[in-house]
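Novice: This is what each chain is made of:
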Amino acid sequence: MRWIKSLAAAAIALTPALAPNATWAQTKIDFFFPVPVDGKLAREMTRLVKVYNDSQKEVAVTAAYTGSYDDTKLKAQAAANAGKPPAVVLMSANFVLDLKLAGDIVSLEPMLKADGTTRAKFLDDFWPAVQPNAIVDGELYAIPYQNSTPLLYYNKEHFKEAGLDPEKPPQTWAQLVDAAKKLTKPDRMGFGLPEGYDYMGWIMEALSMSNGGRYFNEEYGGEVYYDTPSMLGAAQFVEDLVFKHKVMTQGVVEGPALSTNFLAGKVSMMLLSTGSLSFVRENMKQPFGVAFVPKNVRNAVPIGGGSLVMFKGLNDEQKAAGWKFAKWLSSTENLGAWSRFTGYFSPRKSPYDTPEMKDFMAKNPEAKVALDQLPYAKPWFATYQTVAVRKALEDEIQAVLNGKKKAPQAVKDAQKSADALMKPYVDQTALKLP
Amino acid sequence: MRPDVKRTGLVVALLMAITTFLWSTPFLWTLVASFRPETAGGIGMASLVPDFTPTVENFRNAFESGDFVVYYINTAIVAFGILAVQIVTISLAGYAFARLSFPGRELIFYVFLLQLMLVPPILIVPNLRTIVDLGLYGSLLGVMAPYFASAFGTFLMRQTFRQIPRDFEEAAVIDGAHWWQSLWHVLLPMAKPGLVAFSLVSLMAHWNEFLWPLMVLNEPRTHTLTIGLAMFALSTEGGREWGLLAAGTLLVMAPLLLLFAIFQRQFINSFMFSGLKG
Numbered sequence: 001m002r003w004i005k006s007l008a009a010a011a012i013a014l015t016p017a018l019a020p021n022a023t024w025a026q027t028k029i030d031f032f033f034p035v036p037v038d039g040k041l042a043r044e045m046t047r048l049v050k051v052y053n054d055s056q057k058e059v060a061v062t063a064a065y066t067g068s069y070d071d072t073k074l075k076a077q078a079a080a081n082a083g084k085p086p087a088v089v090l091m092s093a094n095f096v097l098d099l100k101l102a103g104d105i106v107s108l109e110p111m112l113k114a115d116g117t118t119r120a121k122f123l124d125d126f127w128p129a130v131q132p133n134a135i136v137d138g139e140l141y142a143i144p145y146q147n148s149t150p151l152l153y154y155n156k157e158h159f160k161e162a163g164l165d166p167e168k169p170p171q172t173w174a175q176l177v178d179a180a181k182k183l184t185k186p187d188r189m190g191f192g193l194p195e196g197y198d199y200m201g202w203i204m205e206a207l208s209m210s211n212g213g214r215y216f217n218e219e220y221g222g223e224v225y226y227d228t229p230s231m232l233g234a235a236q237f238v239e240d241l242v243f244k245h246k247v248m249t250q251g252v253v254e255g256p257a258l259s260t261n262f263l264a265g266k267v268s269m270m271l272l273s274t275g276s277l278s279f280v281r282e283n284m285k286q287p288f289g290v291a292f293v294p295k296n297v298r299n300a301v302p303i304g305g306g307s308l309v310m311f312k313g314l315n316d317e318q319k320a321a322g323w324k325f326a327k328w329l330s331s332t333e334n335l336g337a338w339s340r341f342t343g344y345f346s347p348r349k350s351p352y353d354t355p356e357m358k359d360f361m362a363k364n365p366e367a368k369v370a371l372d373q374l375p376y377a378k379p380w381f382a383t384y385q386t387v388a389v390r391k392a393l394e395d396e397i398q399a400v401l402n403g404k405k406k407a408p409q410a411v412k413d414a415q416k417s418a419d420a421l422m423k424p425y426v427d428q429t430a431l432k433l434p
Numbered sequence: 435m436r437p438d439v440k441r442t443g444l445v446v447a448l449l450m451a452i453t454t455f456l457w458s459t460p461f462l463w464t465l466v467a468s469f470r471p472e473t474a475g476g477i478g479m480a481s482l483v484p485d486f487t488p489t490v491e492n493f494r495n496a497f498e499s500g501d502f503v504v505y506y507i508n509t510a511i512v513a514f515g516i517l518a519v520q521i522v523t524i525s526l527a528g529y530a531f532a533r534l535s536f537p538g539r540e541l542i543f544y545v546f547l548l549q550l551m552l553v554p555p556i557l558i559v560p561n562l563r564t565i566v567d568l569g570l571y572g573s574l575l576g577v578m579a580p581y582f583a584s585a586f587g588t589f590l591m592r593q594t595f596r597q598i599p600r601d602f603e604e605a606a607v608i609d610g611a612h613w614w615q616s617l618w619h620v621l622l623p624m625a626k627p628g629l630v631a632f633s634l635v636s637l638m639a640h641w642n643e644f645l646w647p648l649m650v651l652n653e654p655r656t657h658t659l660t661i662g663l664a665m666f667a668l669s670t671e672g673g674r675e676w677g678l679l680a681a682g683t684l685l686v687m688a689p690l691l692l693l694f695a696i697f698q699r700q701f702i703n704s705f706m707f708s709g710l711k712g
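Chains as they are written, first to last, in the numbering used here: chain A, 1 to 434; chain B, 435 to 712.
Here chain B is said to cover these stretches of chain A; the calculated rule only asks that three of the stretch's residues, wherever they fall, bring their Cβ under 8 Å from a Cβ of chain B: (1) 42-53; (2) 58-72; (3) 80-90.
Rather than coming from a laboratory, the hints here were simulated on the basis of the structure. Glycine included, each C-beta is placed from N, C-alpha and C at the ideal position.
Using the sequences and the accompanying hints, generate a full structural model.
Specialist: Below is the structure:
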């Protein structure tokens, strides 16, 4: 039993040192950030926050790495509930509406007013496509921070082998199917999509939008357009790619597995986030190219990525400190540097006028394609219960990929589940009549 | 008959070998992949056969991505700290439920057991609130506190104590022992198998726990291994660097694996020399 004694002694000796520090005179705030791209980002973010803390004395920011976007949401809400709201959180851009409806985050309008500016002036430097996800009910609730869109990645070597022009990637769904058929070999698939949760919904939004659709009502959180011709076309297209044209793997392929297959030359073309550009560039041995997401009706892609939000329950000093820090983090200089480091594009336009960015774009022409696609970008779906409503569609499309359901039935069932999920909100809003 | 017996033995051995191999495949793959150079997506990435010159590059990258030494210390403090307190609380509580008689003993015991039915995530917010009220938010002690009492451990110790015949304690009492002396000198040594089994389960659970430490801890200097590992594992929008992931996984599980390998004999022996058999 001696080991128990020594363990107990060690525990008692250690505990006083573990108690939290005494409070400082300066304003202490918490900043939560997820790392959806690469572990190196956590170090870079920690370094950035240190630079900020060293640059001034009034605010001390504690930067906490908080897992995935979903974990970050869970932690931020739990902390706020327990009376320790984080001042600033880097949150998935399409959680903003949901968080506002749940009453978790604060409007940034009072801070804009205190600064003597307006929403229009503040947002002037941000790309139009990233703005809708930051605004709820006509008020600013978030500052866009890191953004992405889907891109078509293709293997130039494979294009040459198949007799395709490596400088002319497919621009329409018809050309995509045609090229994918030529590229498919016994040990190689012509095309691939990331089909895990979160990614699948985003890709279906890209496909339905390229098919002329809207996916959701940008102005109202209680409507999604799943059982529509544009979504049916997108779902049928996915089904056909697997079962009719046989150019895509049957079953659900997760994003990381897809990019691994692409790097290994097992898949010749894929749709993936611009956020993966740096990763593919660093690890791909064969030459690759990127292009716009092919269209059926029109060019359109959803925005993805993260925005900075501020939580409820802060005192006035913490609020002011959080706002100051969020503004610093989203400055032209910092957004430019973050974009170059991560591969996300900067939601601000001004970084692209700086010499560092011009230099970077000249060296990395693929990053330019992502930027050129921006004028066609649309907001990311955001509804009441965003995650559950998204899963309602994802589960059905995954069933299609597994060969368990046909596309027409899948979109009908997805609509039914989504409507049921949003019913409480709809009953309280659009159907609440005098 | 003899050749038949031999053949059966051979078949059993073969089946065992196959099962063992299947069972250990994930571990073997992790081991191989962690030493494979440029594992972001080479053709042979999925291969179990080490067809390359081993490199420690992945481990170097893993170490650079986070302060693993600090994570090790923190994880060890959390896992062993919880265990140390638990052993005290579950022995005392188990003793009370097994040997002392007081009104409402059975009822209190069943209320205790009800805790086992709760799904831990439900308790995240209430627990976090308590931790904040106690001033332990953001500290390792805050991660440990909710686990200081264990319903499962109390149940296990109660059952273990009840299996020990009262004769042993009565002998001690005749010699003038207090209840705590008979608990310490008589009951606990005989309950060693129960304690060892519980320690294994507890250590493993808290070493590998992710969600609760993530909820409580903020500063990188307080992070545990699982939070450090999540930095490579949860990058959904980027690609997956399998080699780095394998190296990180190996770093997280190595200490427990070593611990078990070293103390395996003691673990098994403790079950055999407890003085009570069957």
